[in-house]
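Quick note, the sequences are listed as chains E and D, same order.
If you number the first sequence the way the working numbering does, the last residue is 230 and the count never jumps.
If you number the second sequence the way the working numbering does, the last residue is 230 and the count never jumps.
These are calculated hints, taken from the structure and not from any lab test.
Do not rely on the hints blindly, as some may be mistaken.
20 Å max Cα-Cα, derived PhoX-like pairs, lysine-lysine [unchecked claim]:
hint: 1; chain 1: E; residue 1: Lys-124; chain 2: D; residue 2: Lys-142
hint: 2; chain 1: D; residue 1: Lys-143; chain 2: E; residue 2: Lys-143
hint: 3; chain 1: D; residue 1: Lys-143; chain 2: E; residue 2: Lys-124
hint: 4; chain 1: D; residue 1: Lys-143; chain 2: E; residue 2: Lys-132
hint: 5; chain 1: E; residue 1: Lys-142; chain 2: D; residue 2: Lys-142
Here chain D is said to cover these stretches of chain E; the calculated rule only asks that three of the stretch's residues, wherever they fall, bring their Cβ under 8 Å from a Cβ of chain D [unchecked claim]:
hint: 6; stretch: 15-28
hint: 7; stretch: 63-69
hint: 8; stretch: 92-103
hint: 9; stretch: 124-137
Keep in mind it's a predicted model, so treat the numbers as computed, not measured.
In this text, a Cβ means the ideal position worked out from N, Cα and C, and glycines have one as well.
Protein chains: 2
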Amino acid sequence: MNSRIIVALDVTNKPLNWFIDFIDATKNIVAGYKFGLPFLIRYGLEGFMEISKLIDNKHYWIIDFKLADIAPIMINTVNQLVEMGYNTYIAHAFIGLEGGLFELKDFLSKQNSKLVLVASMSHKGSLDIIDKCLLNILEIIKKLKPWGLVAPATRPDRIIEIKKFLFENNIQAKIFSPGIGVQGAAPGTAIRVGADYEIIGRMITLSSNPIKIIEEINKIHREIIGVDHK
Amino acid sequence: MNSRIIVALDVTNKPLNWFIDFIDATKNIVAGYKFGLPFLIRYGLEGFMEISKLIDNKHYWIIDFKLADIAPIMINTVNQLVEMGYNTYIAHAFIGLEGGLFELKDFLSKQNSKLVLVASMSHKGSLDIIDKCLLNILEIIKKLKPWGLVAPATRPDRIIEIKKFLFENNIQAKIFSPGIGVQGAAPGTAIRVGADYEIIGRMITLSSNPIKIIEEINKIHREIIGVDHK
Numbered sequence: 001m002n003s004r005i006i007v008a009l010d011v012t013n014k015p016l017n018w019f020i021d022f023i024d025a026t027k028n029i030v031a032g033y034k035f036g037l038p039f040l041i042r043y044g045l046e047g048f049m050e051i052s053k054l055i056d057n058k059h060y061w062i063i064d065f066k067l068a069d070i071a072p073i074m075i076n077t078v079n080q081l082v083e084m085g086y087n088t089y090i091a092h093a094f095i096g097l098e099g100g101l102f103e104l105k106d107f108l109s110k111q112n113s114k115l116v117l118v119a120s121m122s123h124k125g126s127l128d129i130i131d132k133c134l135l136n137i138l139e140i141i142k143k144l145k146p147w148g149l150v151a152p153a154t155r156p157d158r159i160i161e162i163k164k165f166l167f168e169n170n171i172q173a174k175i176f177s178p179g180i181g182v183q184g185a186a187p188g189t190a191i192r193v194g195a196d197y198e199i200i201g202r203m204i205t206l207s208s209n210p211i212k213i214i215e216e217i218n219k220i221h222r223e224i225i226g227v228d229h230k
Numbered sequence: 001m002n003s004r005i006i007v008a009l010d011v012t013n014k015p016l017n018w019f020i021d022f023i024d025a026t027k028n029i030v031a032g033y034k035f036g037l038p039f040l041i042r043y044g045l046e047g048f049m050e051i052s053k054l055i056d057n058k059h060y061w062i063i064d065f066k067l068a069d070i071a072p073i074m075i076n077t078v079n080q081l082v083e084m085g086y087n088t089y090i091a092h093a094f095i096g097l098e099g100g101l102f103e104l105k106d107f108l109s110k111q112n113s114k115l116v117l118v119a120s121m122s123h124k125g126s127l128d129i130i131d132k133c134l135l136n137i138l139e140i141i142k143k144l145k146p147w148g149l150v151a152p153a154t155r156p157d158r159i160i161e162i163k164k165f166l167f168e169n170n171i172q173a174k175i176f177s178p179g180i181g182v183q184g185a186a187p188g189t190a191i192r193v194g195a196d197y198e199i200i201g202r203m204i205t206l207s208s209n210p211i212k213i214i215e216e217i218n219k220i221h222r223e224i225i226g227v228d229h230k
């Protein structure tokens with residue numbers, strides 16, 4: 001998929017059909033979709049089941065519950081979604097390894113699913129503790145080697161710092177960046193400093209013309225990365 | 001309620017009626033019930049709706065999604081459960097204040113609901129980052145003044161440290177301690193060092209005689225605290 005956009009589907013005032021139509025209309029112009037706890041609360045496992053009929057190998061189908069519990073609870077939480085084919089899961093790096101992320105990563109790997117760890121968040125409160133612990137969080141990432149990371153477009157310096165650490169330690173990990181649009185960062189902000197994907201929600205989903213917005217953002221991304229940016 | 005037990009209802013291999021019968025049979029001998037993401041995944045909002053018919057003012061009805069996201073997502077997640085009457089919500093102190101816990105606490109306060117913050121976790125991975133940041137976490141707690149805290153029975157020293165901080169800073173906050181039973185700590189471990197409640201799951205819910213186990217643990221707690229411990 002020749003796009004660097006992940007659409008965060010956190011709208012909850014639409015019928016389930018809206019999501020099916022939305023995905024159908026946008027799947028050729030975005031890289032993937034992200035579903036959080038608001039989706040789970042509103043549409044339940046049945047909602048995920050309906051959406052799962054659209055799952056393919058060309059997109060990321062990201063479950064973003066910001067998992068941050070002990071291993072048995074996290075595994076019990078994602079278990080049925082893994083079986084439905086959702087292939088990517090976001091958890092917090094800060095909860096640590098033994099009894100937490102080690103077992104989660106092991107479980108996901110065995111199911112051909114990917115783990116993405118939150119390295120830093122997009123809101124200001126992230127500075128209170130998470131960003132102060134960035135070195136500790138990066139040590140967790142070095143040990144666990146997750147498939148991907150989350151780092152905020154609202155603080156591009158943080159992405160640069162993380163990219164540098166990954167490069168110096170020869171760690172391969174995709175970087176996903178939230179914070180574009182309503183949260184304040186302009187499209188392209190994260191891609192420009194080396195993120196692989198920008199996670200964009202309300203700017204697209206609340207728009208009266210989501211396809212136009214997506215195409216405009218794809219154009220911005222292409223201008224940053226160059227035409228052959230696959 | 002003259003008990004220090006919160007039952008963690010993380011079993012997912014039972015019909016919903018099991019929970020209703022379980023709560024009915026145990027409500028006079030426990031202080032409250034805790035529901036996590038496994039319950040939400042398995043029984044959905046309809047499950048919470050059914051259980052909400054049993055909600056009273058005498059128990060804690062705790063939603064433990066280990067919330068750790070930006071404020072709009074956390075509020076959108078708990079919104080409908082608050083309306084149903086679930087009165088207590090667990091979030092991670094780690095995610096910080098502005099754009100995170102400030103707005104969540106404000107939302108919950110306006111709905112007469114309580115916020116409980118995770119100060120430390122029961123698994124070993126908690127030592128990797130969370131426990132290294134305990135002083136930062138306690139500063140968040142000092143600023144936010146949540147109604148309650150979570151601290152692990154598996155590391156009673158941590159509870160002692162937290163109690164000392166609360167006392168020195170004249171902060172009132174109930175302490176809830178997971179980690180009893182399957183996770184390794186003996187019943188009474190946390191109460192003995194000053195926790196207010198022990199959160200107990202599988203030791204009770206997987207038992208062939210939950211009521212007997214609960215009564216045995218209540219007896220242990222009474223022996224520690226004294227008879228008039230309300």
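Each hint, compared with the structure:
1. E:Lys-124 <-> D:Lys-142: holds (18 Å)
2. D:Lys-143 <-> E:Lys-143: Since the Cα atoms of Lys-143 (chain D) and Lys-143 (chain E) sit roughly 33 Å apart, the hinted pair is violated (cutoff 20 Å).
3. D:Lys-143 <-> E:Lys-124: This hinted pair holds, its Cα atoms lying about 15 Å apart.
4. D:Lys-143 <-> E:Lys-132: holds (17 Å)
5. E:Lys-142 <-> D:Lys-142: violated (33 Å)
6. 15-28: violated (count 0)
7. 63-69: holds (count 5)
8. 92-103: This one holds; 11 residues, not fewer than the three required, reach chain D with a Cβ under 8 Å.
9. 124-137: It holds: at least three residues are needed, and the stretch 124-137 of chain E offers 11 whose Cβ sits within less than 8 Å of chain D.
Violated hints, listed in ascending order, are 2, 5, 6; each of the other numbered hints is respected by the structure.
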